[in-house]
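K.L.:
Listed below are the residues making up each chain.
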Amino acid sequence: MSHGVEGVTLVLAILWKDLRIEWRTKEMLTSFVVLAVLLVLTLSFAGQAAMGRVSTSRVAGALWVSFLFAGMLGIQRSFLLERENECITGLLASPVEAAEVFLAKLVGNVMLLGIMQALILPLAALFLGARIGAALPALAVVLGLGNLGFAAVATFFAAVAVRTRSREVMLPLLVLPLLLPLVILAVSATATVLDGGGLAEASPALVYLVAFDTIYCTAGWLLFEFVVRE
Amino acid sequence: MGVQVLKARSLVRRLGPTRVLAGLDLQVAAGEVVGVFGPNGAGKTTLVRVLATLLRPTAGDVSLFGEDAFGPDASRLRRRLGLVTHESFLYPDLTGTENLLFYARLYGVQNGNARADELIAWAGMEEHGRRQVRAYSRGMVQRLALARALIHAPDLLFLDEPFSGLDALATEAVEQVMGRLRSEGRAVLLTTHDIDRGLRITDRVYILNRGRVTWGSPGPADPDEFKDAYRRAVGAG
Numbered sequence: 399m400s401h402g403v404e405g406v407t408l409v410l411a412i413l414w415k416d417l418r419i420e421w422r423t424k425e426m427l428t429s430f431v432v433l434a435v436l437l438v439l440t441l442s443f444a445g446q447a448a449m450g451r452v453s454t455s456r457v458a459g460a461l462w463v464s465f466l467f468a469g470m471l472g473i474q475r476s477f478l479l480e481r482e483n484e485c486i487t488g489l490l491a492s493p494v495e496a497a498e499v500f501l502a503k504l505v506g507n508v509m510l511l512g513i514m515q516a517l518i519l520p521l522a523a524l525f526l527g528a529r530i531g532a533a534l535p536a537l538a539v540v541l542g543l544g545n546l547g548f549a550a551v552a553t554f555f556a557a558v559a560v561r562t563r564s565r566e567v568m569l570p571l572l573v574l575p576l577l578l579p580l581v582i583l584a585v586s587a588t589a590t591v592l593d594g595g596g597l598a599e600a601s602p603a604l605v606y607l608v609a610f611d612t613i614y615c616t617a618g619w620l621l622f623e624f625v626v627r628e
Numbered sequence: 004m005g006v007q008v009l010k011a012r013s014l015v016r017r018l019g020p021t022r023v024l025a026g027l028d029l030q031v032a033a034g035e036v037v038g039v040f041g042p043n044g045a046g047k048t049t050l051v052r053v054l055a056t057l058l059r060p061t062a063g064d065v066s067l068f069g070e071d072a073f074g075p076d077a078s079r080l081r082r083r084l085g086l087v088t089h090e091s092f093l094y095p096d097l098t099g100t101e102n103l104l105f106y107a108r109l110y111g112v113q114n115g116n117a118r119a120d121e122l123i124a125w126a127g128m129e130e131h132g133r134r135q136v137r138a139y140s141r142g143m144v145q146r147l148a149l150a151r152a153l154i155h156a157p158d159l160l161f162l163d164e165p166f167s168g169l170d171a172l173a174t175e176a177v178e179q180v181m182g183r184l185r186s187e188g189r190a191v192l193l194t195t196h197d198i199d200r201g202l203r204i205t206d207r208v209y210i211l212n213r214g215r216v217t218w219g220s221p222g223p224a225d226p227d228e229f230k231d232a233y234r235r236a237v238g239a240g
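Protein chains in written order, with my numbering: chain A, 399 to 628; chain B, 4 to 240.
The hints are simulated quantities; they were obtained by calculation from the structure and are not laboratory data.
No experiment lies behind these values; they were computed from the predicted model shown.
Idealized CB from N, CA, C, for every residue including glycine.
Any given hint could be a false lead.
Quick list of simulated restraints, FRET-style, between CB atoms [said to hold, decoys possible]:
(1) B:127 with A:414: 23 to 29 Å
(2) A:563 with B:134: 30 to 36 Å
(3) B:63 with A:422: 42 to 48 Å
(4) B:134 with A:509: 26 to 32 Å
(5) A:627 with B:228: 54 to 60 Å
(6) B:125 with A:421: 27 to 33 Å
(7) B:117 with A:625: 22 to 28 Å
(8) A:625 with B:114: 31 to 37 Å
(9) B:170 with A:478: 26 to 32 Å
(10) B:231 with A:566: 49 to 55 Å
A few chain B residues that don't get close to chain A, going by computed Cβ distances all over 10 Å [to be verified]:
(11) 20
(12) 42
(13) 90
(14) 96
(15) 121
(16) 175
Residues from chain B that face chain A, not an exhaustive set, calculated with beta carbons under 7 Å [unchecked claim]:
(17) 57
(18) 61
(19) 86
(20) 91
Please build the complete structure, drawing on both the sequences and the hints.
P.N.:
Here it is as structure tokens:
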């Protein structure tokens, strides 16, 4: 196992490569953002048609449903580019450890989720009536914790799903049941901060989010080798 | 014979219920080009994947440069290995030079830029290094794939069916590489079912069938003797 500076260098090399490809093709971010915009708009119109003004908890729910479905599409793409020309074999034949590949993909996916959310939140404010302005610092913490857990689960299972024939269906089937606790916690914490409650009020949910993130990041780090090498 | 760089002993690899490698012994020494011949389905690709540490053996041992290939230092050992298969391992959306630089960083190559430029020139692609690989012809991809495998000057290069689908330039490049590695005291293990070309460039050969080594030559194989042995080995199953 490579350690310390060497390991960080390898993770950064993979991350640089992924971001460079994304900068050039914009495939992942485009699919993230377009689907998220459509989901936010659809949920906004559906919610308003049904209930008039949409409540904060429903806004939080709509946001996370949009993030999850759009995010899964994008995260899947991060492994599709490794399947082309069997690049994943090239990576695994090099001194890189599978765990370092997982970490690089995880960091890249969290970054892209963050960019997608930065583009979607103004739309959510406009169409869903979310009061984001004052809540932004606390919201950033909630989104960051939610993104980490979501990306850990989705990155791990995207490596499994991408090897199957029905990969587009397989990823949601694998990850949505596991993400239910995260969705409940993230929606609850997001609704609290959008209501002006602040991080202290959202802390019960945030503590469990941290635990969720820790469990799935550690599991991904330890088990990724078995997913990609065998 | 030089120092042994690769030694596989009683190697077994199961894929599901099938024993793809069924108790196989094999050695490669420094400065040797060793050929593994066999029909389709003999287990050649699985053998290369196990020896390159991509797959763990179900049973048996593999040692690389005198150390356990699947021990705690496996990633350090992989730094000394190169791998070429019919897949290029190149990212189509990166340029040729960016691909080489990426692999140079993975292998911790000092002066990666200079090394990448050197290999781009060696592959005869000076005018194409800044173009995306997606725009390359098949022959260019193959030459760049070879350059990628050589970026860190591996001590042991695995070539899995290196001649299948190659154009004349790339075939010449592969043969040139093997000669150069041999003269530098490095080792090559190649698998192929191209008997005539394979025999011409190897120092020793093994015949693999149904996951077992069924014949091995102590030195360069006589083509007629080899073909007899191949027919017997493969026919006998």
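K.L.:
Determine for every hint whether it applies to the structure shown.
P.N.:
To see whether the hints hold, each was checked on the structure:
1. The given range of 23 to 29 Å is respected by residue 127 of chain B and residue 414 of chain A, whose C-beta atoms sit roughly 28 Å from each other.
2. Separation of residue 563 of chain A from residue 134 of chain B is about 33 Å and conforms to the stated range, judged on CB atoms against 30 to 36 Å.
3. Take residue 63 of chain B and residue 422 of chain A: their Cβ atoms lie about 44 Å apart, and the range 42 to 48 Å holds.
4. At about 28 Å, the CB distance of residue 134 of chain B to residue 509 of chain A agrees with the hint of 26 to 32 Å.
5. Judged by the Cβ atoms, the range 54 to 60 Å given for residue 627 of chain A and residue 228 of chain B is violated: they are separated by roughly 39 Å.
6. In this structure, residue 125 of chain B and residue 421 of chain A meet the distance hint of 27 to 33 Å, their C-beta atoms being roughly 29 Å apart.
7. Separation of residue 117 of chain B from residue 625 of chain A is about 37 Å and departs from the stated range, judged on CB atoms against 22 to 28 Å.
8. Separation of residue 625 of chain A from residue 114 of chain B is about 35 Å and conforms to the stated range, judged on CB atoms against 31 to 37 Å.
9. Evaluation of the 26 to 32 Å hint for residue 170 of chain B and residue 478 of chain A yields a pass: the beta carbon distance comes to about 28 Å.
10. Distance hint check: the CB atoms of residue 231 of chain B and residue 566 of chain A are about 53 Å apart, consistent with the given range 49 to 55 Å.
11. Listed as a non-interface residue, residue 20 of chain B keeps its Cβ farther than 10 Å from every Cβ of chain A; the least gap is roughly 16 Å.
12. Here residue 42 of chain B stays apart from chain A, with its beta-carbon at least about 23 Å from theirs, past the 10 Å limit.
13. Listed as a non-interface residue, residue 90 of chain B fails to keep its Cβ farther than 10 Å from every Cβ of chain A; the least gap is roughly 4 Å.
14. Its beta-carbon lying about 5 Å from the closest one in chain A, residue 96 of chain B breaks the requirement of being farther than 10 Å from that chain.
15. For residue 121 of chain B, the requirement that its beta carbon stay farther than 10 Å from each beta carbon of chain A is met, with the minimum near 19 Å.
16. No beta-carbon of chain A comes within 10 Å of the beta-carbon of residue 175 of chain B; the shortest separation is about 23 Å.
17. Among the interface hints, the one on residue 57 of chain B holds; its C-beta lies about 6 Å from the nearest C-beta in chain A, closer than the 7 Å criterion.
18. The restraint placing residue 61 of chain B at the interface with chain A is violated, with a minimum CB-CB distance near 11 Å, outside the 7 Å limit.
19. Evaluation of the residue 86 of chain B hint against chain A yields a held restraint, the C-beta minimum of about 5 Å falling below 7 Å.
20. At about 5 Å, the closest approach between the beta carbon of residue 91 of chain B and any beta carbon in chain A falls short of 7 Å, and the interface hint on this residue holds.
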